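Chemist: What follows is the residue order along each chain.
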Amino acid sequence: MRVLIQLRPSPDLVAAVADPGQTATTADVADGLPGVELDSAFVPVAVPRPVPLAGGDPLSLNQPLDFSLAAEDASVLVRGTISDDELATRVTMLPTIRPDVVGVFADPVIESSLTCGGDPPVGDWHDVERLINAAGLAAEGLDGSGVALAVLDTGINAAHVARHLGRGVTLDAERSWNPAGVTGRPGEFEVDHGTMCAFDTLIGAPQASLIDIPVLLSARPGGSALDGLLSDAVAAFAHLRTVLDAQPADSRSLVISNSWGSFSPAWDFPVGHPGNYSDNAAHPFNLIVASLDRAGADVLFAAGNCGRDCKDGRCAYPDRPIVGANSHPRALSIGGVDVGGERVGYSSQGPGRLTARKPDICAYTHFSGSKAFGDTEPDSGTSAACPVAAGLVAAIRTRWPSSRLSPAQLRALLRRTAEDRSEVGFDYDYGYGIVDTAGIIAALQRRAKSVA
Amino acid sequence: MVLITVRLPPGATLEDAISRLGLAEEDVDTAYGLVLIDPDLGLYGLRVTEEAGRRTGPPFSDPKIEPYGPPKRSRDGRPGPRSPGSPP
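Quick note, the sequences are listed as chains P and U, same order.
Quick note on numbering: full-length UniProt numbering labels position 300 of the first sequence as 300, and the sequence is numbered without any gaps.
Quick note on numbering: full-length UniProt numbering labels position 57 of the second sequence as 57, and the sequence is numbered without any gaps.
Hints listed in this document are in silico derivations from the structure and should not be mistaken for laboratory results.
Check the hints yourself; a few may be wrong.
Claimed, not checked - Partial pick of chain U residues on the chain P-facing surface, computed with a CB cut under 10 Å:
1. 5
2. 9
3. 21
4. 31
5. 32
6. 36
7. 38
8. 39
9. 41
10. 43
11. 64
12. 68
13. 72
Quick caveat: nothing in here was measured; it's all calculated off a predicted structure.
Ideal Cβ positions, reconstructed from N, Cα and C, are used throughout, including at glycine.
Extracted from the complex, chain P is given alone in its bound form:
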């Protein structure tokens, strides 16, 4: 365990520590503490002594106090480690053999507070553009030109996206599709969640062709204003299969961005029931995801907003909240980090239910971008991270159709090149790490040479 050790060495040594003009090392102050591995890189710190005013209680901190850094009053802190299995013994015994030891205190890991829902934006979409190296992608000819990118959500408002991006948007109305009963024209839906997602896809793939599929506007019995039913997603994927099959086999590419999922087991059959969705790879939707992957589509799902630190209030799974297709072995499950590279507190952690190793990777979220929810509101949730990653995938597909790089190979590439945040490879917070465009470009260049 890491500890802080407070000592009271000789006054001249205390004076040397307290004087910024002099240099005193940990070895000078605390050499030879048995059983303590001292951190020699830590510069000793002088700690002032609380001094009560005249007539005060010498042992109370709940009174007016002065603080003295005088050499005869102050003490010194050094840092070290004591073996966990001997901690209690050594902490007790140290002052008995070293009278200069005043106390031994825990030195806990401190972390910055994680970004949560309701927090203001962290950075903006230009930061994301820089972090995913959109310029580097474009320089490689990877800008999404000719790549179909389907956004399954609440519908896209293309004019809003174009206005806030400051550039034109390519919307593929012909291949867009509405669930039965949903009215509205592609690219002309009210500004909402789907517009945010569309905006975020275009950060990495500015030339991609958006396919608008407002699957969350279902008008079926059981649905409401901004949700849908999984059966609509089944039908949407069936439509996308026809889109894919209509493309020439040697240039086939279709990226499908899904920033939605199921929040509650109350809407599903119980786990173990043969018709269950959350834990059942044989559910029709999980089958059609596998079918699209096999046909050459890249399927991405948001990991969800049920992270332990500040989960969305709707989260009702008691554990393992990455469920159903969001944990599908043939889909990329995307967690969220802010532009500082820290996991946002709401990003769902693994293990997943269909596949344990989820999320796969993380991408950026909680930045000021589309302003779909107001000028001061961020593009947030793993809902934003998923389309950011989908844009990156679409950019790659510009020159790497599924005939050259299968969806499975592309998933492996993204996992292998991700910036590991855990020092141990995969972990359930960040997956394999944060998307790393430089690593992706380098790997693609090597691959291009090897197949040339």
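Position chain U against the provided structure of chain P, taking the given hints into account.
Modeler: Using the frame of chain P, we list chain U on its own:
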């Protein structure tokens, strides 16, 4: 309503599925139609009443899906009130 699957030849129609499964038209969400799930397997899906699903089975759940954002603030990590929705 629930989802069920059926194997049919290529180019099958909803009428083919209804006939194969012995369903009545009122058992089926005809607006939803017949959806091709996996052409390689000849596997199709349709939406039927729960009773018809039990009869032709196995019935698959058709849960509500929602956007994953923006997250509702809950910094203490406790789940909020249960979302509305009825179990199948």
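Chemist: Each hint: holds or not?
Modeler: Consistency of the hints with the structure:
no.	hint	in the structure
1	5	holds (5 Å)
2	9	violated (17 Å)
3	21	violated (15 Å)
4	31	holds (5 Å)
5	32	holds (6 Å)
6	36	holds (5 Å)
7	38	holds (4 Å)
8	39	holds (7 Å)
9	41	holds (8 Å)
10	43	holds (7 Å)
11	64	holds (5 Å)
12	68	holds (4 Å)
13	72	holds (4 Å)
In this structure, the hints that do not hold are numbers 2, 3, in rising order.
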